[in-house]
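Could you slot chain D onto chain W? The hints should help.
As they're listed, the protein sequences go chains W and D. For the first sequence, the positions run 7 to 493 when this note's numbering is used. For the second sequence, the positions run -19 to 469 when this note's numbering is used.
Everything labelled a hint here was simulated from the structure, so no lab data went into it. You can trust all of the hints, since none of them are fake.
Sample of chain D residues at the chain W side, in silico, Cβ under 8 angstroms:
id: 1; residue: L361
id: 2; residue: H389
id: 3; residue: V395
id: 4; residue: F403
id: 5; residue: L410
Some chain D residues well away from chain W (every beta-carbon gap over 12 angstroms; in silico):
id: 6; residue: L(-16)
id: 7; residue: L(-11)
id: 8; residue: V164
id: 9; residue: P240
Note that the Cβ used here is the ideal one computed from N, Cα and C, for glycine as well.
Below are the chains, spelled out letter by letter.
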Amino acid sequence: MIAWTIYLTFAGALLLLCLPRPVARWIALATALAGFGTSLMAFFTALDVGTFATIIRVPWVPPLGMEYHLAADGISLTLALVTGLTAVSAVLFSWDVDHRPNEFFFWLLLVIGGSYGVFLSADLFLLFVFYELVIVPKYFLIAIWGSTNKEYGAMKLTLYSFLGGTLVFLTIVAAYVTAGSLDLHQLSQYKFPLQFQAWAFPVMFLGFAVLAGIWPLHTWAPTGHVAAPTAGSMLLAGIVMKLGAYSALRVAMNLFPDGFLMWSKWIALLGVIGIVYAAAVALRQRDLKFVIGYSSVSHMGFVLLGLATANVLGIGGAVLQMFSHGVIAALLFAVAGRMIYRRTHTRDLNDLSRMRLTHALPFAAFSFVIASAASMGIPGFSGFAAEITILLGTWKAYPLAVLITGAGMVLGAAFTLRALKKTFFSDAASLSEGTPSVTSDERLVPITFPEKLGACLLIFATLVIGLYPKLLLDRILPAVEAMKFLK
Amino acid sequence: MNYLDLLKLAAPEVVVVVTALVVLALGLMAQRGTGICSAVAAAGLLFAAAAVLMLPQHATLFGGMLVITPLTSLFKIICLALAFFTVILARGESTPRNRGEYFALLLLATIGLMLLVGSEELLMIFIGLELTGLSLYVMAGFDKSDPRSAEAGLKYFLFGSTASAFTLFGLSFVYGVCGTTGLVAIGQKITGGPISPLLAAGIVMTLIGFAFKIAAAPFHLWAPDTYQGAPIPSAAFIASGSKVASFVVLGKIVLVGFGPAHGSAAWHGLIAGWSPVLAALAALSIVIGNLVALAQSNVRRLLAYSAVAHAGYTLLGLVAGGREGFGATLFYTTVYAFTLVGAFGVVALVRREIGGDDLSHFSALRSRSPLLAGCMAIFMLSLAGLPPLAGFFGKFYLFSAAMRAGENHGLLWLVALALLGSFVSLYYYLAVLKAIFSEPGTDNQNSEPSSSIKLDFLQELSLTLLAAGIVLLGLWPMALVARIAASLP
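Isolated chain W (complex conformation) (with noise of 0.2 angstroms):
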């Protein structure tokens, strides 16, 4: 059933170019909502989560061995389903856009789509496929809708994406002529030469950890969240930078055990150092949205730390931790990019501290204090419980990385609390006396019920794993469990 996830999509994608303008954001609504609904349903109904159980399996190019070979196991449900949702609260803030929205909303269901099928595929080829069918679609949202510095940020996001492919092209074709399948259970069965794991996990790996914001090679993610239309940030850190994490948890761990033990502490070293300076860097920027950038790769750190762990509760908290941030990024990335930069045209943190948000856009603070606290890691979101079950990990693979990276939650605290003091709770009184250009509060129009819904959604689910993460958990930790690499 989870398969139709992909299909629904892609024909929502196909029927929007035949269909006039004006049904463009209804079409684009109910295909984000029918995959929602489908991989929601496929969630609450899977029965065995603990194996990646086939769903269909059909040849492909049999010379090749390729197949059309779809899968799911409790990890690939809990992505499919925080990309429905993300899916769907993208399209509600992309509600007004009316620059060519055929195409925007295009766009936007391939980069759904192909990150539907990443989550399903079971075929390395198929993987790669869905995986570099994004990329594309990327740049057109960017380099089209996309605001400061569009054309610099689109080609940058791009190039990065393409190089991280490569270099994963480069591995796949290794792997596939080494072990002669290119189905990823066969390929995890096969014993690689010890010799052939050293290289090819690293470069495996690295190749999608780009996309997943490993440092150094960071830097696309900022540039790019910044200039990309709002829905377009949405996806990136919601769901494209997960699609990064997840191959390398799917592919590169489970192909190459021997090769991610014996790269196993480089991996956490990288993510430690992301954790840290990603939210130093954060800590100094002026952009509201530079901010929500480097936080995400702040955040994308911990998914890394808690991968290299190679224990249970470490890699668990891993996946719960890229659910948990694809929910919270999209909502800080909603409220700084649509309900506030769409609205004053401005995401210096200075001017926007003299505008007294609070007031004007009662909403858009309520959502941004929730994100916030969910980005921070308050318990009762769900930042704090992914965050904690990867430290929880961590503390028996590498105990020091933990004391560093509390540190680096300090200072996440540290630029979070100081973007939400910035944004909406400056001192507006002593300010606005110096400076005559107080933006009057009758000139923002007030939020739109569609960006109430896509927040409220969002805000929902973050309660919910945050109160309740035994819903995640219980079919996380299952598969997780069945992989062959843990210590």
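Same frame as chain W, but now just chain D:
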């Protein structure tokens, strides 16, 4: 063997010859250049394709001078199809005079390609090369009113004839060593041991001639000027038909004829033979083609340098050798040829409607003609090797064949280089798309605000067909892979 048999087995070539003569006569009679020449030429090509289908499965005449196998039939059809699309492309061009001659030359070049594909004998191959070459030299310089076209023709001619001389010289060495001109017989004469210097010289010189044909660096210098200066249909045919046939023949020569002198291009196990030579050509082409293409601002020049890079990728399959490598090369070069014909088709329409083929002329093409923009996007992304387009599958096929060839991933260095090259290439393909999908009016100096481009039905249909073909071959590569695999011995 009587002449009737010969005529039967050479029926497709005969049909094309007759068509060429008819078109020539029609062109002389109807000076006003009506569409009749192109219609007759297209019909003749279709008839020839039908004649190919009616050939027997296997036949050999005169010790390999004319060979019919499923492989030759398949590629004769592909060459005919490429010629067909070129005819459609040329239909829209506004060369006022000598329409008939142009189409006749195109058909003659097509015969040359068919002879090239359908022969396993060195002399016949050389005749095919020359027939193709001479027709294409004239076609490149056909636009007499344009000095650039003259330059293109002259450059192509000078480079081409020098390369032919090299090839002929090399072939004479090979003949001297082996005492025969049949490829199969040569393959039996050459033994696996160390290669004699005379044979080595022969092999290298033969390869030089073909490196020129496929525009592999460092023998690519004619390509940018020819692609840019020649009339667009000529450039399209040089880049597609001539290239496909050259790869088929080159593959046959090195794999059948020089098979035992394969050598090895593995990183730590270099063994003398032809494959290190091809590997060096491939590496150079990938690096030079991709890097120079980055700096181009003219789309045709950009396509020329990208053609150099693609020649490099395609050579990977031959370096790998074997059935799989050759199959991958054939698949890739076929897909590439059809993509390029399509891309040149778009360029031709843009040039006709907007008056140039620089990147700036492509700006905001999307708002003028969504169809052209969409087709060009598909062609460019397929060249860049992005899924789900045919170019992506072709690259996977090629690179996996190359990776498999050397023991212990010996060709890893070449595959890594090729992948790096295709990473670089995305930038310049995206530059084209960036121009196409940009907003109208911002940086468009010829400021007619989005007057839409009108296409006639046939051009629309052929471009759509080509683009759909690229997408479908990407989604369902078996359609071609299975045919190529079945036709290889």
